[in-house]
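Participant: One-letter residues, chain by chain:
There are 2 protein chains.
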Amino acid sequence: MKVFLAQQNYHIGNFESNTNKIIQAISNAKNEKADLIVFSELAICGYPPRDFLYFEDFVNQAMKHIDKIAMAADGIAVLVGAPHINTEAKGKRLFNAAYFLAEKEIKQIVHKTCLPTYDVFDENRYFESSKSWNVIKWKGKSIAVTICEDIWNVGDHPLYSFCPMDMMIDQQPDVMINLSASPFDYTHIEDRKAILKENVKKYNLPIFYCNAVGSQTEIIFDGNSMVFDKHGNICGSLKRFEEDYQGFYLNDDGSIEEAIIEKNEAIRSEELNPIVFTPNLNIELIYEALVLGIKDYFQKMGFKKAIIGSSGGIDSAVTLAIATKALGAENVNAILMPSEFSSDHSVDDAVLLSKHLNNPYNIIPIKNVYDSFLTSLEPLFNDLPFGLAEENIQSRSRGNLLMAIANKFGYILLNTSNKSELATGYGTLYGDMAGGIGVLGDCYKLQVYELAKYINLEKEIIPNNIISKAPSAELRPNQKDADSLPDYAVLDSILYQYIEQVKSPEEIKKMGNDSMLVDRILHLVNSNEYKRNQFCPVIRISPKAFGVGRRMPIVAKYL
Amino acid sequence: MKVFLAQQNYHIGNFESNTNKIIQAISNAKNEKADLIVFSELAICGYPPRDFLYFEDFVNQAMKHIDKIAMAADGIAVLVGAPHINTEAKGKRLFNAAYFLAEKEIKQIVHKTCLPTYDVFDENRYFESSKSWNVIKWKGKSIAVTICEDIWNVGDHPLYSFCPMDMMIDQQPDVMINLSASPFDYTHIEDRKAILKENVKKYNLPIFYCNAVGSQTEIIFDGNSMVFDKHGNICGSLKRFEEDYQGFYLNDDGSIEEAIIEKNEAIRSEELNPIVFTPNLNIELIYEALVLGIKDYFQKMGFKKAIIGSSGGIDSAVTLAIATKALGAENVNAILMPSEFSSDHSVDDAVLLSKHLNNPYNIIPIKNVYDSFLTSLEPLFNDLPFGLAEENIQSRSRGNLLMAIANKFGYILLNTSNKSELATGYGTLYGDMAGGIGVLGDCYKLQVYELAKYINLEKEIIPNNIISKAPSAELRPNQKDADSLPDYAVLDSILYQYIEQVKSPEEIKKMGNDSMLVDRILHLVNSNEYKRNQFCPVIRISPKAFGVGRRMPIVAKYL
Numbered sequence: 227m228k229v230f231l232a233q234q235n236y237h238i239g240n241f242e243s244n245t246n247k248i249i250q251a252i253s254n255a256k257n258e259k260a261d262l263i264v265f266s267e268l269a270i271c272g273y274p275p276r277d278f279l280y281f282e283d284f285v286n287q288a289m290k291h292i293d294k295i296a297m298a299a300d301g302i303a304v305l306v307g308a309p310h311i312n313t314e315a316k317g318k319r320l321f322n323a324a325y326f327l328a329e330k331e332i333k334q335i336v337h338k339t340c341l342p343t344y345d346v347f348d349e350n351r352y353f354e355s356s357k358s359w360n361v362i363k364w365k366g367k368s369i370a371v372t373i374c375e376d377i378w379n380v381g382d383h384p385l386y387s388f389c390p391m392d393m394m395i396d397q398q399p400d401v402m403i404n405l406s407a408s409p410f411d412y413t414h415i416e417d418r419k420a421i422l423k424e425n426v427k428k429y430n431l432p433i434f435y436c437n438a439v440g441s442q443t444e445i446i447f448d449g450n451s452m453v454f455d456k457h458g459n460i461c462g463s464l465k466r467f468e469e470d471y472q473g474f475y476l477n478d479d480g481s482i483e484e485a486i487i488e489k490n491e492a493i494r495s496e497e498l499n500p501i502v503f504t505p506n507l508n509i510e511l512i513y514e515a516l517v518l519g520i521k522d523y524f525q526k527m528g529f530k531k532a533i534i535g536s537s538g539g540i541d542s543a544v545t546l547a548i549a550t551k552a553l554g555a556e557n558v559n560a561i562l563m564p565s566e567f568s569s570d571h572s573v574d575d576a577v578l579l580s581k582h583l584n585n586p587y588n589i590i591p592i593k594n595v596y597d598s599f600l601t602s603l604e605p606l607f608n609d610l611p612f613g614l615a616e617e618n619i620q621s622r623s624r625g626n627l628l629m630a631i632a633n634k635f636g637y638i639l640l641n642t643s644n645k646s647e648l649a650t651g652y653g654t655l656y657g658d659m660a661g662g663i664g665v666l667g668d669c670y671k672l673q674v675y676e677l678a679k680y681i682n683l684e685k686e687i688i689p690n691n692i693i694s695k696a697p698s699a700e701l702r703p704n705q706k707d708a709d710s711l712p713d714y715a716v717l718d719s720i721l722y723q724y725i726e727q728v729k730s731p732e733e734i735k736k737m738g739n740d741s742m743l744v745d746r747i748l749h750l751v752n753s754n755e756y757k758r759n760q761f762c763p764v765i766r767i768s769p770k771a772f773g774v775g776r777r778m779p780i781v782a783k784y785l
Numbered sequence: 227m228k229v230f231l232a233q234q235n236y237h238i239g240n241f242e243s244n245t246n247k248i249i250q251a252i253s254n255a256k257n258e259k260a261d262l263i264v265f266s267e268l269a270i271c272g273y274p275p276r277d278f279l280y281f282e283d284f285v286n287q288a289m290k291h292i293d294k295i296a297m298a299a300d301g302i303a304v305l306v307g308a309p310h311i312n313t314e315a316k317g318k319r320l321f322n323a324a325y326f327l328a329e330k331e332i333k334q335i336v337h338k339t340c341l342p343t344y345d346v347f348d349e350n351r352y353f354e355s356s357k358s359w360n361v362i363k364w365k366g367k368s369i370a371v372t373i374c375e376d377i378w379n380v381g382d383h384p385l386y387s388f389c390p391m392d393m394m395i396d397q398q399p400d401v402m403i404n405l406s407a408s409p410f411d412y413t414h415i416e417d418r419k420a421i422l423k424e425n426v427k428k429y430n431l432p433i434f435y436c437n438a439v440g441s442q443t444e445i446i447f448d449g450n451s452m453v454f455d456k457h458g459n460i461c462g463s464l465k466r467f468e469e470d471y472q473g474f475y476l477n478d479d480g481s482i483e484e485a486i487i488e489k490n491e492a493i494r495s496e497e498l499n500p501i502v503f504t505p506n507l508n509i510e511l512i513y514e515a516l517v518l519g520i521k522d523y524f525q526k527m528g529f530k531k532a533i534i535g536s537s538g539g540i541d542s543a544v545t546l547a548i549a550t551k552a553l554g555a556e557n558v559n560a561i562l563m564p565s566e567f568s569s570d571h572s573v574d575d576a577v578l579l580s581k582h583l584n585n586p587y588n589i590i591p592i593k594n595v596y597d598s599f600l601t602s603l604e605p606l607f608n609d610l611p612f613g614l615a616e617e618n619i620q621s622r623s624r625g626n627l628l629m630a631i632a633n634k635f636g637y638i639l640l641n642t643s644n645k646s647e648l649a650t651g652y653g654t655l656y657g658d659m660a661g662g663i664g665v666l667g668d669c670y671k672l673q674v675y676e677l678a679k680y681i682n683l684e685k686e687i688i689p690n691n692i693i694s695k696a697p698s699a700e701l702r703p704n705q706k707d708a709d710s711l712p713d714y715a716v717l718d719s720i721l722y723q724y725i726e727q728v729k730s731p732e733e734i735k736k737m738g739n740d741s742m743l744v745d746r747i748l749h750l751v752n753s754n755e756y757k758r759n760q761f762c763p764v765i766r767i768s769p770k771a772f773g774v775g776r777r778m779p780i781v782a783k784y785l
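Here the protein sequences come in this chain order: U and W. Counting with this note's numbering, you get residues 227 to 785 for the letters of the first sequence. Counting with this note's numbering, you get residues 227 to 785 for the letters of the second sequence.
Where hints are given, some of them may not hold.
Remember, identical chains collapse to one label, so a pair may be satisfied in a single copy or spanning two.
Straight-line distance between alpha carbons at most 27 Å, and here's what the computed DSSO-like set of lysine-lysine pairs gives [said to hold, decoys possible]:
hint: 1; residue 1: K357; residue 2: K318
hint: 2; residue 1: K465; residue 2: K634
hint: 3; residue 1: K316; residue 2: K428
hint: 4; residue 1: K757; residue 2: K428
hint: 5; residue 1: K427; residue 2: K318
hint: 6; residue 1: K290; residue 2: K735
hint: 7; residue 1: K427; residue 2: K530
hint: 8; residue 1: K294; residue 2: K333
hint: 9; residue 1: K581; residue 2: K465
hint: 10; residue 1: K770; residue 2: K530
hint: 11; residue 1: K256; residue 2: K333
hint: 12; residue 1: K706; residue 2: K259
hint: 13; residue 1: K259; residue 2: K531
hint: 14; residue 1: K695; residue 2: K333
hint: 15; residue 1: K363; residue 2: K256
hint: 16; residue 1: K581; residue 2: K530
hint: 17; residue 1: K593; residue 2: K316
hint: 18; residue 1: K531; residue 2: K783
hint: 19; residue 1: K757; residue 2: K685
hint: 20; residue 1: K363; residue 2: K465
hint: 21; residue 1: K247; residue 2: K290
hint: 22; residue 1: K634; residue 2: K593
hint: 23; residue 1: K316; residue 2: K357
hint: 24; residue 1: K316; residue 2: K581
hint: 25; residue 1: K357; residue 2: K593
hint: 26; residue 1: K634; residue 2: K318
hint: 27; residue 1: K757; residue 2: K770
What the hints contain is simulated information worked out from the structure, not anything from laboratory work.
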């Protein structure tokens, strides 16, 4: 049997474009004489569709397009993900399903059993769990079909009551096929391979694993679909961060042709969710994920051009470099907005950066706007000393200028805030926190430095002075980040323990961190929930990003 | 047996204050010679604690405080809600539990079975369902304890596989007790009563229902705890939108003393989720909910004073009137910021409003700030005609002035956007969309008018001219909302069908709405998800508010 994996990038709710893409792949696979083509989870509507699933109309459209795809399933079988309506009296209205299409018909529908409801996942909000498990017979083979999380319910502490492979193994399947939409994070890569091998080993069956690719607002799907023979040898893997297609021969003895033998690796390597913050871990993958995150956001939203406030600091420099890579230098406009508190080198550094990147830039000093605010507010402010309000006016004047230019010329403002400042609330709402998408919002400051080093690997793109100078918001004379925040190495490591590792204050203190400092930082994290709540989506590259995957009350008192 | 209901307002994560409040109520109930006191769901940590539940430390603190409360359960029994750790190998790490405390010990723990995971609820994200059901024996009675959603799994289409009362009825309980955290919306009032009666009827048992009260960021819990005898007569109900306490005698024949007999009502009246938008439905409850929403937000966050941009329009007028009610007139500062496009009456109307309300106000014209932006942008904008960018600059100048004053004097900015404009994106990010909490963000424009009428019931508080004039953003000469949007009666009814009733475009058109208009409006709703995503929390008064209860992808193409 020849099996074709189609790793595609879908647009949520764009049924027509998704369906055309799927039918095109079916046609290509037919030309290659494939017996079966496999697509990813909820391919028809894109993953995650979220509350669109509550619209009957949305689900009906998905059904209609499945019928259309069924008509193309002629001389080839198709496995494709789509919602399916629950007709039982009990339970949620939908199943997350895999449709098996052949001979121009829907032959069989498999429901997902394990419904992830944690982090960015919400599946129990929409879906009912499968209550029956049947293999699919095709071309003399018995195929055990599962959907994403269904193969993750292994190990000593399974999260779900039913494990679909356990329920099907008595039906003596010849092969496992899994349809996934499994997102990228910088620790998840080896985990996924390990889970696939664990399933192969447990059930003694080969597995075809088809993952989605592409970015959906904040979540990056990295593709990297894989095939393992029943001995746990990897027989092929599809590209990472790109659409890809590949055919495989599944032989009657369970072997898979054109197998590229790779040495067996340890299962679930401990390094993968590192206990200590490791800023350079998988930095090249983070870079690629951010490029895809920007590129896809613009393409799917129908945007072309971006604007960035370029301060001469490391965050905006790295954002600018990544954006020019994603959108082309000519499509990224840098706006330099010096104030009386900007150091001389800030403008020079930002100009040099844009010269290296070859992207357009403009200089608009903010003095006049800032002064006009102070004049207008004089009747209320009187002689009160310079303070936070005045700092924020500068930041918001810049935000307002950027938005005005964006509105006038149809740019999208890219936000440059990093995870360390979002965590601690070191940023101004409606000022430097403005923007359509946060490029570095899931990267701690030390990771931003690692990204800069990575960008400069071959030649100096980001001027060395930007990398080496002390970070500063430049909102008052001689201000330095270090005046308000501890050293980033200390800060990032405490934040990582609290956010990614979900540790208590006591545990973090026991790791050798200063007690008052830990209390102060964790309090900052919790008390700035209200700011992050109004922040744009951030491109997710870590196992715990701010945004949809981390839901804290705003009105709360803890720590 | 004497049963005491304690309807309290908790602060999420504030274990100390919640525990003190609980222990104080226990002490009062003991003075009243009660045998049992009942608190609401997750009382110990406040509901909903969201991702704080992922912190082991948070859960451990809850446990520690349960032990403290157990020490007070001396000569009285206590039923109180708290998380409980799942010690099984399988499943989620926690249960949502009711602790039965007596004789200074934890005597029994009941787990919640039905875990709501829809709208604002996320319980499957954190909790495992109960797998065993046992009544509690106390003072010669058998008590069937359930938690909130557990009693909602009735009717022809139950959402969950197990109904805990069905599992306990063979143990011949004498009474049902339910610990709830059931939020307010303007359709939910009678629904709740109907469900209680349906349970009473089905199991032929009296029920004690203890609900939470208070506002948690955007969700209002309205209290209104109730007691029904086994014939379905209501025997007492606690206050709405306030803390309240009440004792009841449960007699051996299942009757309840001091019963106030009320006529039996139809179960689940159809009027309750009206098929047609009904702007004046429960308007007095909406008003009370908004007052509580502001008051609690400020109290729990430790804020005192609010600031509002007062434009002379209906939205800011209603917001101002509600805010002065919640916080006291002296604590609400109105800022009037006229521009060259403001009509003469705008300032006069806003001044008159503040005179009626007796709250402080200031006038700061925006001309200088606006001009300084235009001057600074001149090198880029050149001679391009006036447009959206210039309108937004005005709105953002106002947002920036308000935030500057807020930052300088420690005010919180109350946002005045209504649901109709949030739905259609008729607002400026970082401009009139700025603020800490959205007071009217879940009220359609017609509901805002109904609120104004309600506020003016006894005397003219909101000047009649504000109510009668055509709504306008006043960002360009002679602008009216009607230039960009259809009549609000038409708009609100279409939005209601799409948002609350989750209808398809075709269904909404069949109701007699213009086809192109429906397409245009629904497209506006979906394409402005990115704006709402950066909006502050809105006080929830409807069954489907923007925010945590409605989760749409931003990058998507549907309608």
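Participant: With identical chains treated as interchangeable, where does the CA-CA distance between K531 and K783 reach 27 Å or less: within a copy, between copies, both, or neither?
Facilitator: between (42 Å within a copy, 20 Å between copies)
Participant: I want to check one pair: K316 and K581. Are their C-alpha atoms no more than 27 Å apart within a copy, between two copies, both, or neither?
Facilitator: neither (63 Å within a copy, 58 Å between copies)
Participant: Taking 27 Å as the upper bound on the Cα-Cα distance, should K363 and K256 be classified as within, between, both, or neither?
Facilitator: Answer is within; shortest intra-copy Cα gap is 19 Å, inter-copy 68 Å.
Participant: Within a copy, between copies, both or neither: where do K256 and K333 come within 27 Å Cα-Cα?
Facilitator: within (19 Å within a copy, 66 Å between copies)
Participant: First find the shortest C-alpha distance between K757 and K428 inside one copy, then the shortest across copies, and answer within, between, both or neither for a cut-off of 27 Å.
Facilitator: neither (47 Å within a copy, 48 Å between copies)
Participant: How would you label the pair K247, K290 (within, between, both, or neither) given a Cα cut-off of 27 Å?
Facilitator: For K247 and K290, the Cα distance is within 27 Å only inside one copy (16 Å; across copies 56 Å).
Participant: When no copy is specified for K757 and K770, does a C-alpha distance of 27 Å or less occur within a copy, between copies, both, or neither?
Facilitator: This pair counts as both: shortest intra-copy Cα distance 18 Å, inter-copy 24 Å.
Participant: First find the shortest C-alpha distance between K757 and K685 inside one copy, then the shortest across copies, and answer within, between, both or neither for a cut-off of 27 Å.
Facilitator: So K757 and K685 fail the 27 Å test inside a copy (37 Å) and across (39 Å) alike.
Participant: At 27 Å max between alpha carbons, let me know whether K465 reaches K634 within a copy, between copies, both or neither.
Facilitator: neither (39 Å within a copy, 53 Å between copies)
Participant: Given a CA cutoff of 27 Å, do K770 and K530 count as a within-copy pair, a between-copy pair, both, or neither?
Facilitator: Cα proximity of K770 and K530: none, with 29 Å in one copy and 34 Å across.
Participant: Between copies, within a copy, both or neither: which fits K427 and K318 at Cα up to 27 Å?
Facilitator: between (34 Å within a copy, 26 Å between copies)
Participant: Have a look at K357 and K593 and pick one of within, between, both or neither, based on CA distance no larger than 27 Å.
Facilitator: neither (66 Å within a copy, 66 Å between copies)
Checked against the numbered hints given earlier, the structure breaks hints 2, 4, 7, 9, 10, 12, 13, 14, 17, 19, 20, 24, 25, 26 and satisfies all the rest.
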